[in-house]
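Engineer: Single-letter residue listing:
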Amino acid sequence: MTTTIRPPASGTPTPQRRAAASEPLTFRQRLSRFDVKASPYFYVSPFFILFALVGLFPLIYTLVVSMHEWDLLKGQGPFVGFENFVEILGDSMFWNSIGNTISIFLLSSIPQLTIALIVAYLLDQGLRAPTFWRMSVLLPYIVTPVAVAIIFSSAFNEADGLVNNLLNVFGIADQQWKHDTFLSHVAIATMVNFRWTGYNALILLAAMQSVPRDLYESAAIDGAGAVRRFFSITIPSIRPTLIFVIITATIGGLQIFAEPRLFDVSTAGGIGGSDRQFQTTVLFMWELAFFRRDFGEAAAVAWLLFLLIVAFGLVNFLISRRIATGGDRPNRRTRRARERATRGGAA
Amino acid sequence: MKLSRHTKVAVAIAGAASIALLATACSTGGGEEGDGDITLTVTTFGTFGYDDLYTEYEEANPGVTIEATNIDTGGNARTDAFTKLAAGSGLSDVVAIEEGWLGAIMEVSDQFVDLTDYGIADRKSDWVDWKYEQATDADGRVIGYGTDIGPSGICYNGPALEAAGLPSDRESVAELLNGDWAHYFDVGRQYQQATGKAWFDHSGFVWNSMVNQMPEGYYTSDGELNVEDNADLKANFDLLSGAVGDGLSAAQAAWDWNGGKSFVDGTFATFVCPGWMLGVVEGQVETGGGDASTGWDFADVFPGGAANWGGAFLSVPESSEHKEEAAKLADWLTQPEQQVKQSAAAGNFPSTLGAQETLASEATPNEFFNGAPTGAILAARAEGVVAQFKGPDDSVIQENVFGPALSALDRGEADGTVAWDQAIELLHELVGE
Numbered sequence: 091m092t093t094t095i096r097p098p099a100s101g102t103p104t105p106q107r108r109a110a111a112s113e114p115l116t117f118r119q120r121l122s123r124f125d126v127k128a129s130p131y132f133y134v135s136p137f138f139i140l141f142a143l144v145g146l147f148p149l150i151y152t153l154v155v156s157m158h159e160w161d162l163l164k165g166q167g168p169f170v171g172f173e174n175f176v177e178i179l180g181d182s183m184f185w186n187s188i189g190n191t192i193s194i195f196l197l198s199s200i201p202q203l204t205i206a207l208i209v210a211y212l213l214d215q216g217l218r219a220p221t222f223w224r225m226s227v228l229l230p231y232i233v234t235p236v237a238v239a240i241i242f243s244s245a246f247n248e249a250d251g252l253v254n255n256l257l258n259v260f261g262i263a264d265q266q267w268k269h270d271t272f273l274s275h276v277a278i279a280t281m282v283n284f285r286w287t288g289y290n291a292l293i294l295l296a297a298m299q300s301v302p303r304d305l306y307e308s309a310a311i312d313g314a315g316a317v318r319r320f321f322s323i324t325i326p327s328i329r330p331t332l333i334f335v336i337i338t339a340t341i342g343g344l345q346i347f348a349e350p351r352l353f354d355v356s357t358a359g360g361i362g363g364s365d366r367q368f369q370t371t372v373l374f375m376w377e378l379a380f381f382r383r384d385f386g387e388a389a390a391v392a393w394l395l396f397l398l399i400v401a402f403g404l405v406n407f408l409i410s411r412r413i414a415t416g417g418d419r420p421n422r423r424t425r426r427a428r429e430r431a432t433r434g435g436a437a
Numbered sequence: 149m150k151l152s153r154h155t156k157v158a159v160a161i162a163g164a165a166s167i168a169l170l171a172t173a174c175s176t177g178g179g180e181e182g183d184g185d186i187t188l189t190v191t192t193f194g195t196f197g198y199d200d201l202y203t204e205y206e207e208a209n210p211g212v213t214i215e216a217t218n219i220d221t222g223g224n225a226r227t228d229a230f231t232k233l234a235a236g237s238g239l240s241d242v243v244a245i246e247e248g249w250l251g252a253i254m255e256v257s258d259q260f261v262d263l264t265d266y267g268i269a270d271r272k273s274d275w276v277d278w279k280y281e282q283a284t285d286a287d288g289r290v291i292g293y294g295t296d297i298g299p300s301g302i303c304y305n306g307p308a309l310e311a312a313g314l315p316s317d318r319e320s321v322a323e324l325l326n327g328d329w330a331h332y333f334d335v336g337r338q339y340q341q342a343t344g345k346a347w348f349d350h351s352g353f354v355w356n357s358m359v360n361q362m363p364e365g366y367y368t369s370d371g372e373l374n375v376e377d378n379a380d381l382k383a384n385f386d387l388l389s390g391a392v393g394d395g396l397s398a399a400q401a402a403w404d405w406n407g408g409k410s411f412v413d414g415t416f417a418t419f420v421c422p423g424w425m426l427g428v429v430e431g432q433v434e435t436g437g438g439d440a441s442t443g444w445d446f447a448d449v450f451p452g453g454a455a456n457w458g459g460a461f462l463s464v465p466e467s468s469e470h471k472e473e474a475a476k477l478a479d480w481l482t483q484p485e486q487q488v489k490q491s492a493a494a495g496n497f498p499s500t501l502g503a504q505e506t507l508a509s510e511a512t513p514n515e516f517f518n519g520a521p522t523g524a525i526l527a528a529r530a531e532g533v534v535a536q537f538k539g540p541d542d543s544v545i546q547e548n549v550f551g552p553a554l555s556a557l558d559r560g561e562a563d564g565t566v567a568w569d570q571a572i573e574l575l576h577e578l579v580g581e
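As you go down the protein sequences, you meet chains Y and C in turn.
Going by the working numbering, the first residue of the first sequence is number 91, and it counts up by one from there.
Going by the working numbering, the first residue of the second sequence is number 149, and it counts up by one from there.
It is possible that part of the hints are untrue.
Beta-carbon label-pair distances, calculated as ranges [unchecked claim]:
1. Y:Leu212 - C:Thr565: 31 to 39 Å
2. C:Asp220 - Y:Ser322: 49 to 57 Å
3. C:Glu215 - Y:Pro230: 32 to 40 Å
To give an idea of the interface, some chain C residues facing chain Y are shown, with a C-beta separation under 7 Å as derived from the structure [stated by the list, open to error]:
4. Thr231
5. Ala234
6. Gly236
7. Phe353
8. Trp403
9. Asn406
10. Glu547
11. Asn548
Straight-line Cα separation of at most 27 Å, BS3-like style, residue types lysine-lysine; simulated pairs [what the hints assert, rightly or not]:
12. C:Lys471 - C:Lys232
13. C:Lys272 - C:Lys471
14. C:Lys489 - C:Lys476
15. C:Lys471 - Y:Lys164
16. C:Lys232 - Y:Lys164
17. C:Lys489 - C:Lys471
Keep in mind that the hints were calculated from the coordinates and are not lab data.
Using N, Cα and C, we set each Cβ at its ideal position, and we do this for glycine too.
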């Protein structure tokens, strides 16, 4: 009997509960539900709120500024649309700065990443006291860019600098490090490389250490030499990290400012050398904004530079994807097609 | 991505820091003032010579603490001040403004306190009349207490002149160089032929002196840009380019001078010296490893007569929280008595008549400059000095228009015609006409 009675007894709460579900929830229940659904967003929100404040808002505000006449001291002027952009795109100094930036970028990124790869590879060879070597490589990164710029500016001093003195030892005449366009780019690229090579090497090293050792062993058994193993196993395996390093190097390389600004102390106007030999785009922007007081055009330069960096980043992403994949590794579509073919053959 | 993580950390730190700053700002605004203790911030540049005066003021005014910042050059001080003005915050309670960029500051003079509210008008007769007028805007507001002015003489290296068979004592040098710029360059040619060395350090400073000496510089007195068709300016440029063509310029990088060594090793023999430059010369010689025995001296002469280059003002920005106290400090610092002490410490030349008289009568020998009575010499050099109107883009024209052109001239990359054309081209691009 009890059993026959029980089911309805126990069954009654169920419809009640169902009814409760369609009835409005209590405050507590709502809160709990809200908590489950919304909390994750709140947990991640500090970053996005701060990003909106210090990243997104300035980005949009810069666009607003770039569409106005805007004096550094006097502030907002009339709306001019894209006139500032037209002005900048027709300015030979802007293109000169772009040329300098790209030149310094190439002179710094390529040797920097090449050396970083080699250093990382060497650090990956099971040295004694690995922490010591790794920290030594990172040491230049601790030095602030300004200090690096001041030290190297002194070293590259044309009359009595360390570099020219060393060249003199080898019988090479003094070089015009601060006046010759190419040499000044080399000097600035050296500062950048000094600071960033070790940092990149460590990131690449971390990636290299996650490459399974048995891959190397089996390759060695198959008769692959060290060089072959490096190009066919190491590089493809660290591809994502390599892409990351290349893209951050691109962003950093196109934003060089402190080094060229401090390379020549005599120019308060920030023109980068006596005749803009090493004025990078960011330095040009600085000159426009803070020396020539034209905030509108400076904002336009900022936006153009932003677009340029995005474009460069994309190009580098595509190139580095191809290089790191290597010629012999087929892409995903071919691989799938091949798999399908083998499966079809088996069937 | 590593970068975003970095950004996050940076952002977090920046956020925390700004909150902390806000908190401290509130606390200083509330708590400390109640006790009457305040901290006044002061920003100066170059060699200002105020350090001992700050201490003196603090002792005389218990409860006032002075936090001083000195920026290396006027050019960098300009950037500092402009950036903070644009940001609307960050300026010190007392800011030193240089004459060269006063023109731009005058366009936003309402961002500075009208010092007539603090009694500057009663002191009007303290200063040379044009100094007070320079700091007065179109509405009659006065925004700066004059500190120093820049009457110019010639610094020269005694041993270098001797080596060329030229006289080296002050009076004879003053006599030797007495004349116009053409004469100064002619003596330079004589020196250059005798020694094979350069006469002056680089064209930029000589050019500044020449331009500052003209009744009207890059702008006419009523504020019109006047460079391209300015025959006097062009004539001076030709004169200078001729001298540079004869090897009179040492093509030095200003504010570096090969780490000061060029002042010591006889790279050049003369140097244009407004009062405030004396401190710069002393500093550079010391940086370059020299001392008083290096033989720099100061002659009571300047090519083309009286000239003023530079000079500064002390202003109180509207953003200051202690306007009255700041004005009081700036007022005190620019009193004749203090200006005399400042001049003794930094070698610059005061803008108040009382201080000028004291310097002229005391004629204290300056040990570094071979015992030359620099103050008295500058007082003599100040006679007949007239202020020149400085337009809003004066410093841009000086640095970024004529700077590159003169550098090309110095290095032999351009002759006078090419360099002038280059300057005009830059003028069109940078300033517009």
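Engineer: Does each hint fit the structure? Answer for all of them.
Structural biologist: How the hints compare with the structure:
1. Take Leu212 (chain Y) and Thr565 (chain C): their Cβ atoms lie about 57 Å apart, and the range 31 to 39 Å is violated.
2. A beta carbon spacing of about 55 Å between Asp220 (chain C) and Ser322 (chain Y) agrees with the range 49 to 57 Å that was offered as a hint.
3. For the pair Glu215 (chain C) and Pro230 (chain Y), the supplied restraint of 32 to 40 Å holds, since their beta-carbon distance comes to about 34 Å.
4. Look at Thr231 (chain C): its Cβ gets to within about 6 Å of chain Y, closer than 7 Å, so that hint holds up.
5. The interface hint given for Ala234 (chain C) holds, since its Cβ lies 5 Å from the closest Cβ of chain Y, which is under the 7 Å cut-off.
6. Given the 7 Å rule on beta carbons, the hint for Gly236 (chain C) is violated: about 10 Å separates it from the nearest Cβ of chain Y.
7. Hint status for Phe353 (chain C): violated, given a least beta-carbon distance of 11 Å to chain Y, over 7 Å.
8. At a threshold of 7 Å, the smallest CB-CB gap from Trp403 (chain C) to chain Y is about 5 Å, leaving the interface hint in force.
9. Hint status for Asn406 (chain C) relative to chain Y: holds, with the closest Cβ pair at about 4 Å, below 7 Å.
10. With a cut of 7 Å, the hint placing Glu547 (chain C) at the interface with chain Y holds, because the nearest CB-to-CB distance is about 4 Å.
11. Checking Asn548 (chain C) against chain Y: minimum C-beta separation of about 4 Å stays under 7 Å; hint holds.
12. Pair hint Lys471 (chain C) plus Lys232 (chain C) holds up; C-alpha atoms about 17 Å apart against a cutoff of 27 Å.
13. Taken as a hint, the Lys272 (chain C) and Lys471 (chain C) pair is honoured in the structure, with Cα atoms around 20 Å apart against an allowance of 27 Å.
14. Proximity of Lys489 (chain C) to Lys476 (chain C) is assessed by CA-CA distance (about 18 Å); at most 27 Å being required, the pair is judged to hold.
15. Between the alpha carbons of Lys471 (chain C) and Lys164 (chain Y) the distance comes to roughly 22 Å, so the proposed pair stays at or under 27 Å and holds.
16. Distance hint between Lys232 (chain C) and Lys164 (chain Y) is fulfilled; the C-alpha atoms sit about 13 Å from each other, no more than 27 Å.
17. Distance restraint check for Lys489 (chain C) and Lys471 (chain C): the Cα-Cα separation of roughly 25 Å lies within the 27 Å cut-off, and the hinted pair is therefore satisfied.
In this structure, the hints that do not hold are numbers 1, 6 and 7, in rising order.
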